[in-house]
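Participant: Sequence:
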Amino acid sequence: MAKSFDIEESFKLLDDIVKKLESGNLPINEALKLYKDGVKLVEKCNVQMDKVEKEIIVLDED
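If you read the sequence shown in the working numbering, its first letter stands for residue 1, the second for the next number, and so on.
In case anyone wonders, no lab produced these hints; they're calculated from the structure.
Don't be surprised by glycine CBs; every beta carbon is placed ideally from N, CA and C.
Just so you know, not all the hints are guaranteed correct.
Label pairs and their calculated CB-CB ranges [claimed, not checked]:
| hint | residue 1 | residue 2 | range |
| --- | --- | --- | --- |
| 1 | 15 | 52 | 15 to 25 Å |
| 2 | 32 | 55 | 33 to 43 Å |
| 3 | 61 | 29 | 48 to 58 Å |
| 4 | 61 | 7 | 43 to 53 Å |
With a Cα cut of at most 30 Å, we get these calculated DSS-like pairs of lysine-lysine [as the list claims (entries may be wrong)]:
| hint | residue 1 | residue 2 |
| --- | --- | --- |
| 5 | 20 | 36 |
| 6 | 19 | 51 |
| 7 | 36 | 54 |
| 8 | 20 | 44 |
| 9 | 40 | 19 |
| 10 | 54 | 40 |
| 11 | 33 | 19 |
Given only the sequences and the hints, what does the whole structure look like? Please build it.
Facilitator: Structure representation (C-alpha cells):
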C-alpha cells in the first residue's frame, strides 16, 4: 500500500535541504542531489496545494 503524501513533512524536509545548501559545506555532487530532491518536493507540494485549492472552491460553491 502506497503511503499518502504528507505536505507538512515535505515542508520540513525542504527546510532541512535549504539549511544544508545554505551551509556551503557540501561537496558539489551532494549539493546538486539535494537541490534536485528539493525541486521534486516543491513540485509535489504544488500539486497537492492545487488539489486542496480545488476542493476548497468546490466546497465554497455549495
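Participant: Next, verify each hint and record whether it holds.
Facilitator: Status of each hint after checking the structure:
1. At about 20 Å, the CB distance of residue 15 to residue 52 agrees with the hint of 15 to 25 Å.
2. A C-beta distance of roughly 36 Å is found between residue 32 and residue 55, which places it inside the suggested range of 33 to 43 Å.
3. The hinted window of 48 to 58 Å between residue 61 and residue 29 holds, with their beta carbons roughly 49 Å apart.
4. Restraint check, residue 61 to residue 7: a C-beta distance of roughly 24 Å breaks the suggested window 43 to 53 Å.
5. Between residue 20 and residue 36 the CA atoms are separated by roughly 13 Å; this keeps the pair inside 30 Å, and the hint holds.
6. Pair hint residue 19 plus residue 51 holds up; C-alpha atoms about 28 Å apart against a cutoff of 30 Å.
7. Simply put, residue 36 and residue 54 have alpha-carbon atoms about 27 Å apart, close enough for the 30 Å limit, and the pair holds.
8. With a C-alpha separation of about 20 Å, the suggested pair residue 20 and residue 44 falls inside the 30 Å cut-off, and the hint holds.
9. Between residue 40 and residue 19 the CA atoms are separated by roughly 17 Å; this keeps the pair inside 30 Å, and the hint holds.
10. A threshold of 30 Å between alpha carbons decides the hint, and for residue 54 with residue 40 the separation of about 21 Å falls inside it, so the pair holds.
11. Distance restraint check for residue 33 and residue 19: the Cα-Cα separation of roughly 14 Å lies within the 30 Å cut-off, and the hinted pair is therefore satisfied.
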